[in-house]
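Chemist: Numbering (the numbering used here), first residue to last: 476 to 713.
Just so you know, the hints here were simulated from the structure itself, not pulled from any lab data. Some hints could be false.
Said to hold, decoys possible - Beta-carbon label-pair distances, calculated as ranges:
no., residue 1, residue 2, range
1, D578, D497, 39 to 45 Å
2, G494, V664, 25 to 31 Å
3, E671, G609, 46 to 52 Å
The structure displayed is predicted, hence computed values, not measured ones. Note that the Cβ used here is the ideal one computed from N, Cα and C, for glycine as well.
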Amino acid sequence: MIRRDPDIGFLWLGSFITGGNDKALREGRAGWWNIDLGAAAWTGTLMSFIQMPVPQFATDTWSISRADEFRLLYLCHDINYTIPPLFPFPPFGSTAIEDTNIDVHEHILCGWDHGLRFSHLTWHCSDGTKVQQGPKVPSMATRLKNGVLQGSVPEVEVDYEEYDSEDENSEMVTRNIFTWLRGDDGFPVAERAIREHEWIDNLDSEDDEPIEGDVHSSFGGHLHRWLLKTSTHRSNSI
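Between the sequences and the hints, there should be enough to build the whole structure, so can you do that?
Modeler: If you want it as structure tokens, here you go:
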């Protein structure tokens, strides 16, 4: 494990000394994702797509990726979006600007780029003192992972023979993604097909009514295939 990621190898050493390695490995085998942006900033690790910066949009932009929509919602820090999405995978598709949250709409048109900035960490010591540790550059930059050199793309064969794109894991991730995104304001007309999909259709909502009207956003192909596509994209880009 240390050889795979030398920059944080000391953490594995500490976990073996304290016994924390058992829990870490057990959660890894179970496919659990604990998104801790504080730990991500401290180690310079990319834990979630939510950490990636949002670019400055052109004035004639009419739609944005759904991943950027998530990031802007989180950065706006509305009371319903103070916790990052449970899963680290970026959502598929795009959203028309007219279908976005009011705060997101405003920041798309503000003419600035957006992103997380790492200010500092505060260590609470056993003697009651507090020590602040900050980076040389107040950014959320992420380091290279697993010893991969920048610009190199290792050839890694992935066996998808046992992959079931309609298993309960894909359903769970998809439901969580859209519950986080649309749980407060509801689904726009353009996402009718997503709202009526069997994985989403049984969400509890007393105020939901049949969705009617014109479509402007997209949901990027077959709903049940998004997890495979995003996982593959992520493995090829880090």
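Chemist: Run every hint past the structure and note whether it holds.
Modeler: Status of the hints after comparison with the structure:
At about 42 Å, the CB distance of D578 to D497 agrees with the hint of 39 to 45 Å. Between G494 and V664 the beta carbons are some 53 Å apart, a value that contradicts the proposed interval 25 to 31 Å. Look at E671 against G609: about 48 Å separates their beta carbons, and that is inside 46 to 52 Å.
Checked against the numbered hints given earlier, this structure breaks only hint 2.
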